[in-house]
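**Q** Here is what each chain is made of, one letter per residue.
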Amino acid sequence: MANITIDRIQKAFGATRALEEISLEVHDGEFLALLGPSGCGKTTLLRIIAGLETQSGGRVLIGGRDVSALPPRKRGLAMVFQNYAVFPHLTVAENIAFGLRMAGADKARMQRQVERAASLLHIGPLLARYPAQLSGGQRQRVAVARALAVEPAVLLMDEPLSNLDALLRLEMRAELKAVLAASGTTTIYVTHDQTEAMGLADRIAVMHGGVIEQIGGASDIYHRPRTRFVGGFVGSPPMNFLRLPVRGGQVALGGLTLPAPATAAEVVLGLRAEDLQPATPQDGFAFELRVAEPLGSHLLLTGTTEGQLMRVVVPYADGALPQPGQVLHLRPNLDRLNWMDATSGVALETRA
Amino acid sequence: MRRAGALPYLLILPSVLFLGVLFVVPLVQTALLAFQEGGTWSLGNWHRMADDLNFQDAVVNTFSVVLIVVPLQCTLALGMTMMLRHVQRGRDIILWVWSIPLGISDLAAGLVWLAILTDQGWLNTLLFKLGLISGPQAWLTYETPMVLLAGIIVAELWRATAIVFVILLAGVQLLPKEYEEAAEVFGASPWQRFWRVTLPLLRPSLQTALILRTVLAFEMFAMALALGGRNFPVLVSEAFNWQYGNQDYGVAASYAVLVMAISIAATLIYLVALRVPAEQRA
Numbered sequence: 001m002a003n004i005t006i007d008r009i010q011k012a013f014g015a016t017r018a019l020e021e022i023s024l025e026v027h028d029g030e031f032l033a034l035l036g037p038s039g040c041g042k043t044t045l046l047r048i049i050a051g052l053e054t055q056s057g058g059r060v061l062i063g064g065r066d067v068s069a070l071p072p073r074k075r076g077l078a079m080v081f082q083n084y085a086v087f088p089h090l091t092v093a094e095n096i097a098f099g100l101r102m103a104g105a106d107k108a109r110m111q112r113q114v115e116r117a118a119s120l121l122h123i124g125p126l127l128a129r130y131p132a133q134l135s136g137g138q139r140q141r142v143a144v145a146r147a148l149a150v151e152p153a154v155l156l157m158d159e160p161l162s163n164l165d166a167l168l169r170l171e172m173r174a175e176l177k178a179v180l181a182a183s184g185t186t187t188i189y190v191t192h193d194q195t196e197a198m199g200l201a202d203r204i205a206v207m208h209g210g211v212i213e214q215i216g217g218a219s220d221i222y223h224r225p226r227t228r229f230v231g232g233f234v235g236s237p238p239m240n241f242l243r244l245p246v247r248g249g250q251v252a253l254g255g256l257t258l259p260a261p262a263t264a265a266e267v268v269l270g271l272r273a274e275d276l277q278p279a280t281p282q283d284g285f286a287f288e289l290r291v292a293e294p295l296g297s298h299l300l301l302t303g304t305t306e307g308q309l310m311r312v313v314v315p316y317a318d319g320a321l322p323q324p325g326q327v328l329h330l331r332p333n334l335d336r337l338n339w340m341d342a343t344s345g346v347a348l349e350t351r352a
Numbered sequence: 001m002r003r004a005g006a007l008p009y010l011l012i013l014p015s016v017l018f019l020g021v022l023f024v025v026p027l028v029q030t031a032l033l034a035f036q037e038g039g040t041w042s043l044g045n046w047h048r049m050a051d052d053l054n055f056q057d058a059v060v061n062t063f064s065v066v067l068i069v070v071p072l073q074c075t076l077a078l079g080m081t082m083m084l085r086h087v088q089r090g091r092d093i094i095l096w097v098w099s100i101p102l103g104i105s106d107l108a109a110g111l112v113w114l115a116i117l118t119d120q121g122w123l124n125t126l127l128f129k130l131g132l133i134s135g136p137q138a139w140l141t142y143e144t145p146m147v148l149l150a151g152i153i154v155a156e157l158w159r160a161t162a163i164v165f166v167i168l169l170a171g172v173q174l175l176p177k178e179y180e181e182a183a184e185v186f187g188a189s190p191w192q193r194f195w196r197v198t199l200p201l202l203r204p205s206l207q208t209a210l211i212l213r214t215v216l217a218f219e220m221f222a223m224a225l226a227l228g229g230r231n232f233p234v235l236v237s238e239a240f241n242w243q244y245g246n247q248d249y250g251v252a253a254s255y256a257v258l259v260m261a262i263s264i265a266a267t268l269i270y271l272v273a274l275r276v277p278a279e280q281r282a
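So the sequence lines, in the order shown, correspond to chains A and B.
Everything in the first sequence is counted per UniProt numbering, starting at 1 for the first residue and increasing by one.
Everything in the second sequence is counted per UniProt numbering, starting at 1 for the first residue and increasing by one.
Next up, chain B with everything else stripped away, as it sits in the complex (with noise of 0.2 Å):
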């Protein structure tokens, strides 16, 4: 036999390091910085935080955003894989045009849909031809949160549902066809079919896409920025304030780790719920 030896492990290493050192050594500094005041252990960081006048709209907003934009975002990703297995011709064009959001970086998408959304946008050109503005309308300001939730969920929706697609779409393609036809002989209706045996068979994708996703919504940034401004706050841009308008290291810290501490609750909430006991596998 061929003794593989320390090989392995030296090739492996570099990487390793490079993500090790430069993910762990940050984690643990802003830690650190998260707890820490003036070189001793305290709660300080975590009180200015909690008593700031944006921290409540931050969190109410992040939030509102997340448990909207994802449960969307799946159910359209799911019609969207369910009707493209039904298209024969121009599939590849459907799938490349689903797609192109993918390749936008979401501050590029947030000034597209500025560009839909300010008052003097397209969006009031439209309505105003059509008759139903009299003049510009402001949609994105601390007036009316509304429309301003609104118009960053419809964005996000536009941003982010191609991935959660993607994902799911190589998921669907990855069971047997029998599985669905013996469904339908057995007398399952389209319906049926879905929810007893496609849906539960793509658990393993979903908890992929919903783990993504979800993780990626709490960290949204630059569209709530792009479109809201500080009218929008959200976790992510309110560390960014803290870190780079006031100045305030501990209290970002506090925020950077309370996302963290987000992501990872909701990973483990979705690893549990969706998780595929192993004799249940196919």
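The shape of chain A in the complex, shown without the other chains (with noise of 0.2 Å):
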């Protein structure tokens, strides 16, 4: 009951276009990351949302409703600001309290809320404190305990755990993920952060320049990248793209030969580091290491094939470790190859 629909959503700042005509869904209960570079958009979408930002253009539906020209408190929504926005002259408790007071709750109902969504966040001793009495990781939970106190429709989370050291962001997301899943609110959650991204939500939107290139499944997004921005933009090491010449209907990559997926002259295939694995020279193709790095459990090559740049992921083996100037044969899973235009960037459907 409270899906969001966002409508040809324009911005422009002056000259600049911030967002071009961005259509998207967003399913009642589903928890949505718009992930992206920094001026990608992403946050200017979310206040847009949030009513803090004046669309160009468009219109913003929350569960039905026509929000556009409603300011944010008419909205039915809770955010979570980056910088948390905790007020600092009010003790843990008025602030997880002060959305239900602005409502005009009744005394019960405010401490009933107000102990739920303290204890949901583990933050029930600290009620009487003050803000500047607590750690980043405390105010952070005062934020999300405020947004969660009332009961929202809908939940906008402005990279709230990009201030937080990296334990604690792990420690907090799953968290999250736990309390959001409970409460069944439909959130829309901002990151440049790839994997908060993959673990938190069901879906993502990948956006870059404006527009959404991809949205998707974790693994969609992962695997199958519609665009070649979204392959490098998502997975550490982004995915490797070879830029190969077809002939006679074909592209020869070393001794493989593999079907061309479309008629130009060019064409660049989408690799991930992980989908290679050893092969010989007749049925891979060659690789010239340059450097290897232990990463734990698995070993980062990186080198080069066909002349240009490509990065390996294998399992952490035994033995000594491959020297620079060693060339590997490999053989790409066939079922992941990521073919795209070798001009637009955009993924050729090669499947049936």
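Hints listed in this document are in silico derivations from the structure and should not be mistaken for laboratory results.
Here the structure is a predicted model, which is why all the values come from computation and not from measurement.
Don't take every hint at face value.
What the hints assert, rightly or not - Straight-line Cα separation of at most 30 Å, DSBU-like style, residue types lysine-lysine; simulated pairs:
(1) A/K74 - A/K107
(2) B/K129 - A/K177
(3) B/K177 - A/K74
(4) A/K177 - A/K74
To be verified - Far from chain A, by Cβ distances over 10 Å, these chain B residues were calculated:
(5) G5
(6) F18
(7) V21
(8) F23
(9) V24
(10) P26
(11) V28
(12) G38
(13) T40
(14) W96
(15) I133
(16) P176
(17) Y244
(18) D248
(19) V276
(20) A282
Each residue gets a CB set at the ideal place from its N, CA and C atoms; glycine is no exception.
Quick one: dock chain against chain with the hints and give me the complex.
**A** Here it is in structure tokens:
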């Protein structure tokens, strides 16, 4: 009942177009991540949904109701800000109760909700303190508790974990997922951190230059990027891209001959670093190693194939590290080939 | 580690001496003067001050101006600050116009308002042309004390609201906009946002502005003299009269000490009333 429809939303700041016509449907109870590099328009889109920014065109519907012209307070949503924006002059309890107090809730309900939200985020003992007496992680919890206390139909989160240190972020991420899954709130979560997006979201919308490049589940985005940008942005290391010539409807890659997906003179082949297995020179391609980095469970190999940069991840095995200058032979997983147009960078549909 | 030694203190010394000698010495002298007569301790100056015909008027006038002007100025300045935040274009020009009075001396400002409010002034000309009065009307005499007070208040508002505004604007610009946005998202109406979020967070700036304005308002002199002359005695103008008119330095010193005591008391009240505890600071 609280699905969100974004209907051809545009935003221009003067001559700069921050958002090209964006349309998006978020289902009731869904957790959607807006993922993209800084400046891609993800925060602008979130602020337009919140009503903190005015769109230049298009509509926002929440639960079927057109809220495009309504101020934030009439949209029935809650938000967690990047810098938390926990009020310094109010105690933790007053902060959590803020939304309910503005809504004119009675004392008993306020107290009940505050206690529930506080216990959900394990800040029960901190209720009488002021934000200045809390750590960053605790302030973050207050910000989330304040949002959950109003039992919003829609929850918007703007990079809520980016100000926390790495360990705390991991801990909060898991907790956030559990808390939000239990509440069943429709959530839009803005982040530039792909592991956060993949770990938390039901679906991810990857944004770049004011447009949504791809929207889908984590594995879809990761294994079947619809554009070269998505493949390069998602995943660590990023997807490898080999620019290969097409000859007679075929593409030659070392000893392999692959059917060309298109009639263009050139295509781009996208390969995930871990989708490559050792092979013989006859059924694989040559990879000249430049650097080998042991990463604990895996080994990251950087080198060149066909004169182009390539990164390969192989499981760690006992024994000596491969040496720089060594030529290895590799074979891609043929189910995991991603063909892309050499000029536009858009994926070419190869599967029936 | 580099040792700073005495150098920082040496560098600070001239300014400390300059301020200290020229403040503490006259202060002590004035206090001694106020409480002495003919070389012995005495409250005679204070009795003469309190028994004087103008004393009660001076006290009432001074407090009337302060108690009316300062709250009005704060309200106006808050309103100006809040409005200016929503102005996109022409912001600098508005800011500039609003700060003009800051650049004008209080005596000059007083004379401007005298030209407006005097018998043959612009106000009367306007009222006459509108047919509201039939001839020159005196506003600034002892026969029209309320109008005189109102004239001084209006002139003071014009002259000194800008300083409150500038201090509050600086304070507002330091507040991260997320606080207001959070309040907005969590259902606060514009009025609630102001009372529950912006104003409490603005307390330190408000405190500074109030202390400064109140102390200066208690010391008001040139404006009262320009518009009211002897019809509108205030504490500082009485000190001036006793000093130069009556050549009674003792009573003048008593007035000076009284004004200082009132200023310190007002400052202390603000410091306590608007204190932001350490744990509530952003």
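**Q** Checking a non-interface call: every C-beta of chain A should be farther than 10 Å from the C-beta of B/P176. Is that right?
**A** It is violated; B/P176 is separated from chain A by about 7 Å at its closest Cβ, not greater than 10 Å.
**Q** Beyond 10 Å from every Cβ of chain A: is that where the Cβ of B/Y244 lies?
**A** 50 Å, holds
**Q** Does A/K107 lie within 30 Å of A/K74 when you go C-alpha to C-alpha?
**A** 22 Å, holds
**Q** Are all C-beta atoms of chain A more than 10 Å from that of B/F23?
**A** At roughly 36 Å from the nearest Cβ of chain A, B/F23 sits farther out than 10 Å, so the non-interface label holds.
**Q** In terms of Cβ atoms, is chain A entirely out of 10 Å range of B/V24?
**A** 37 Å, holds
**Q** Given the proposed pairing of B/K129 with A/K177, does the C-alpha separation stay at or below 30 Å?
**A** 76 Å, violated
**Q** Find the nearest Cβ of chain A to the Cβ of B/T40 and say whether that gap is larger than 10 Å.
**A** Its Cβ never comes within 10 Å of chain A, the nearest being 54 Å, so this holds.
**Q** Grab the minimum beta-carbon distance between B/F18 and chain A and tell me whether it stays above 10 Å.
**A** 38 Å, holds
**Q** Is it the case that B/P26 keeps its Cβ farther than 10 Å from each residue Cβ in chain A?
**A** 41 Å, holds
**Q** For A/K177 and A/K74, compute the direct alpha-carbon distance and say whether it is at most 30 Å.
**A** This hinted pair holds, its Cα atoms lying about 27 Å apart.
**Q** Given the hint that B/K177 pairs with A/K74, test it: the Cα-Cα distance must not exceed 30 Å.
**A** 19 Å, holds
**Q** Does the no-contact call for B/G5 survive, Cβ to all of chain A over 10 Å?
**A** Non-interface label stands for B/G5: nearest chain A Cβ at 36 Å, farther than 10 Å.
Consistency with the previously given hints fails for numbers 2, 16, 19 and 20, ordered from lowest to highest.
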